[in-house]
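Peer 1: Read off the chains here:
There are 2 protein chains.
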Amino acid sequence: MKYAQRMADVRPSAIGELLALGADPSIISFGGGYPDASLFPAKALEDCFREAIRAPGGAAMQYAPSNGLAHLRGQIAGLMTADGTPCTAEDVLILQGSQQGLDFAARMLVDPGDVIVTEDPTFLGALIAFQPSQPRYAVVPVDGNGMRTDILSDVLAANPGARMLYTVPDFQNPTGVTLSMERRHQLIALANQHDLIVVEDTPYRQIRFTGDSLPTLKSLDTEGRVIHLGSFSKVLVPGLRLGWAVAAPDLLMRMGLLKVAADTQTSTLNMAAASLFLDRYDLSDHIATLRRAYAAKKEVMLDAIRQHFPQAVTATDPEGGLFTWLTFPEGFDATAFMRDVALPQARVAYVPGATFFPLTPRPNTARFNYSAQSPEKIQAGIAALGRALQAHFL
Amino acid sequence: MKYAQRMADVRPSAIGELLALGADPSIISFGGGYPDASLFPAKALEDCFREAIRAPGGAAMQYAPSNGLAHLRGQIAGLMTADGTPCTAEDVLILQGSQQGLDFAARMLVDPGDVIVTEDPTFLGALIAFQPSQPRYAVVPVDGNGMRTDILSDVLAANPGARMLYTVPDFQNPTGVTLSMERRHQLIALANQHDLIVVEDTPYRQIRFTGDSLPTLKSLDTEGRVIHLGSFSKVLVPGLRLGWAVAAPDLLMRMGLLKVAADTQTSTLNMAAASLFLDRYDLSDHIATLRRAYAAKKEVMLDAIRQHFPQAVTATDPEGGLFTWLTFPEGFDATAFMRDVALPQARVAYVPGATFFPLTPRPNTARFNYSAQSPEKIQAGIAALGRALQAHFL
Numbered sequence: 001m002k003y004a005q006r007m008a009d010v011r012p013s014a015i016g017e018l019l020a021l022g023a024d025p026s027i028i029s030f031g032g033g034y035p036d037a038s039l040f041p042a043k044a045l046e047d048c049f050r051e052a053i054r055a056p057g058g059a060a061m062q063y064a065p066s067n068g069l070a071h072l073r074g075q076i077a078g079l080m081t082a083d084g085t086p087c088t089a090e091d092v093l094i095l096q097g098s099q100q101g102l103d104f105a106a107r108m109l110v111d112p113g114d115v116i117v118t119e120d121p122t123f124l125g126a127l128i129a130f131q132p133s134q135p136r137y138a139v140v141p142v143d144g145n146g147m148r149t150d151i152l153s154d155v156l157a158a159n160p161g162a163r164m165l166y167t168v169p170d171f172q173n174p175t176g177v178t179l180s181m182e183r184r185h186q187l188i189a190l191a192n193q194h195d196l197i198v199v200e201d202t203p204y205r206q207i208r209f210t211g212d213s214l215p216t217l218k219s220l221d222t223e224g225r226v227i228h229l230g231s232f233s234k235v236l237v238p239g240l241r242l243g244w245a246v247a248a249p250d251l252l253m254r255m256g257l258l259k260v261a262a263d264t265q266t267s268t269l270n271m272a273a274a275s276l277f278l279d280r281y282d283l284s285d286h287i288a289t290l291r292r293a294y295a296a297k298k299e300v301m302l303d304a305i306r307q308h309f310p311q312a313v314t315a316t317d318p319e320g321g322l323f324t325w326l327t328f329p330e331g332f333d334a335t336a337f338m339r340d341v342a343l344p345q346a347r348v349a350y351v352p353g354a355t356f357f358p359l360t361p362r363p364n365t366a367r368f369n370y371s372a373q374s375p376e377k378i379q380a381g382i383a384a385l386g387r388a389l390q391a392h393f394l
Numbered sequence: 001m002k003y004a005q006r007m008a009d010v011r012p013s014a015i016g017e018l019l020a021l022g023a024d025p026s027i028i029s030f031g032g033g034y035p036d037a038s039l040f041p042a043k044a045l046e047d048c049f050r051e052a053i054r055a056p057g058g059a060a061m062q063y064a065p066s067n068g069l070a071h072l073r074g075q076i077a078g079l080m081t082a083d084g085t086p087c088t089a090e091d092v093l094i095l096q097g098s099q100q101g102l103d104f105a106a107r108m109l110v111d112p113g114d115v116i117v118t119e120d121p122t123f124l125g126a127l128i129a130f131q132p133s134q135p136r137y138a139v140v141p142v143d144g145n146g147m148r149t150d151i152l153s154d155v156l157a158a159n160p161g162a163r164m165l166y167t168v169p170d171f172q173n174p175t176g177v178t179l180s181m182e183r184r185h186q187l188i189a190l191a192n193q194h195d196l197i198v199v200e201d202t203p204y205r206q207i208r209f210t211g212d213s214l215p216t217l218k219s220l221d222t223e224g225r226v227i228h229l230g231s232f233s234k235v236l237v238p239g240l241r242l243g244w245a246v247a248a249p250d251l252l253m254r255m256g257l258l259k260v261a262a263d264t265q266t267s268t269l270n271m272a273a274a275s276l277f278l279d280r281y282d283l284s285d286h287i288a289t290l291r292r293a294y295a296a297k298k299e300v301m302l303d304a305i306r307q308h309f310p311q312a313v314t315a316t317d318p319e320g321g322l323f324t325w326l327t328f329p330e331g332f333d334a335t336a337f338m339r340d341v342a343l344p345q346a347r348v349a350y351v352p353g354a355t356f357f358p359l360t361p362r363p364n365t366a367r368f369n370y371s372a373q374s375p376e377k378i379q380a381g382i383a384a385l386g387r388a389l390q391a392h393f394l
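If you're matching them up, the sequences are chains B and H in order. As numbered in the numbering used here, residues 1 to 394 make up the first sequence, in order. As numbered in the numbering used here, residues 1 to 394 make up the second sequence, in order.
Because the hints were derived from the structure by calculation, they are not lab data. There could be a bad hint or two in this list.
[Stated by the list, open to error] Below, simulated DMTMM-like cross-link-like pairs (lysine to aspartate or glutamate); rule was C-alpha separation at most 25 Å, straight line:
1. B:Lys-43 - B:Asp-282
2. B:Lys-43 - H:Asp-279
3. B:Lys-43 - H:Glu-51
4. H:Lys-43 - B:Glu-51
5. H:Lys-43 - H:Asp-279
6. H:Lys-377 - H:Asp-303
7. B:Lys-377 - B:Asp-340
8. B:Lys-43 - H:Asp-47
9. B:Lys-377 - B:Asp-317
10. H:Lys-43 - B:Asp-47
11. B:Lys-377 - B:Glu-299
12. H:Lys-43 - H:Asp-282
13. H:Lys-377 - H:Asp-340
14. B:Lys-43 - H:Glu-46
15. B:Lys-377 - B:Asp-282
16. H:Lys-43 - B:Asp-317
17. H:Lys-43 - B:Asp-279
18. H:Lys-377 - H:Asp-279
The shape of chain B in the complex, shown without the other chains (with noise of 0.2 Å):
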């Protein structure tokens, strides 16, 4: 049957695989992109769905616009313009986690066979939310900078047909750089020059840990041309599945239209309990808790990993985010080794990097996640691997 062939090579959920594998308490997991659950402000969440259940009219229970209760698209626009980002609530679709915004980007602009550029390697739930779109894929490597836009000229000459971009721009997913100002810049001019959509996707811009924040690609935006993504998974929790788009009108009314199509409306309680959150706390003051614990947590796993593992294993250190990358040398399979090694002796999990490449896997690489465990974890679980690895490379 037709659903069968079209489905079939819809990628099964590596990432979900990897969760799953975080659940073994014995097991120390650095694979997912968990936030830190003892920072969740479990407190005032608790206070927020109170409030919004006792709203009149039980209103925060029942049905509500497609597009999200309008206070909390202006929260989140007064949000975006504070981050250099101006515009108002006109210009916020609430969605189901900025997922959903893949899900619609791929679904409004790529056909089967047509070319989704990103960089390589990038964030397997983009491969994965693009893929019922069959796209191609051409890929841009990145460095200490984010993509390389030198590199990423060259592709697009390559690829006149390319529609859509998609980047991480801020602690990148899964390298954890951060795109230049300069590139930001070249990135918006190629856009324009080469007629494509770009799709931002900022979900871990608030953490950053050291230096100044650079503008988003949607304040540099000069065509309507960059689909701006949002997430208040990482700032306040994932459970709320709430993140936002903020697009020019024509796009974002497409995105509009996907949404009524899709599954009407995002949580009502959910967008009600965030919306008095932000009314009643300061969401600055949770976040500047949340950059001090993560700073600290990477510190920690970087100087485990200088400790600990051989010195041929090089890993980045990003000024912000959930992530490193690690490079193992060249030969290094870290699928294997997670498989015959880490899990079944060290009893640690992490994510290889094989998975993260669109088209061509460098299997001697890992994504390595330090905000979930605790600095006690963190240090435990990357000794373990490094001798691990020691006894490997001896």
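Dock chain H against chain B, hints included.
Peer 2: For chain H alone, kept in the frame of chain B given last:
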């Protein structure tokens, strides 16, 4: 640009516009499919959200498996089994409302130009969900016993490429009619004969006023052809956005892959709170309350229609659900009457029936909801509309 072309004929949400009207407190709206907010189990949900947020390790605020919390899937399987459709947690996929199941079904089964078979009229939200897949429609009229399966047989013979049939067998939206036992068997036999996938949408199934529940199509399914969609929106609260699919393993696996792609997961908090509600409270008690209240309101509305409307206007007398379907004399235009008379003069809203017909609108029809308004408002609104209709038909 291509996205403009692709999205050009996505239907603007007539439901959305009418829901917006319902928010004007000076209008008595029979338009939306809103449940009665005064019956929401607010205190119980407040307790459930508090308990969920306090769960060990912040688990209800964290990411969760994409197919849904296992305990909730088991509870839903228990409800389905008690309703005569035996299944296990493995057979259940949690969705962002059953609307998401409509989107997934079309994405799995329909390419542009493929035929979807529906009741005529049918649920507008389904037409909106299917529209991005650009189907053609083949329609089957309904009578007091639901879809005319004798005509369905002819329609399938005339459309040998049809692959998907969409139906609301219980208290259909918009007509309120229920598919008879004999026709349920005939529908399954025809699906087997013509190699169809049947999407069975059952949001109102539990809200039965009179008579015995009929078997779900899923329970009669002999070849794994029925995708059963269920929802907590009408029996708990819509603001949770919780629905589910029960389907054969191959179909459910493919819907599960689309779930990962579309939004990763439904809200952990909402799943956890609903699961606690099912553990701590008696859903069937709550449903019994809803049945009594909606049955009484239905009687109030039909009595008022008989009393105030011209004799030539007929209304269905549903055995359950949220809607009655009105047929006005030939030549009456329910859309124009709403715009020109009902809204500005009588201050009453309903849904003009034309919007529910995939192919050929019947302008002299309308859908009236009786669940949302109080008995007093129902009487007042129907009386005001009756006066306007009597004047119109003088």
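Peer 1: What are the numbers of the hints the structure violates, in ascending order?
Peer 2: 15, 16, 18
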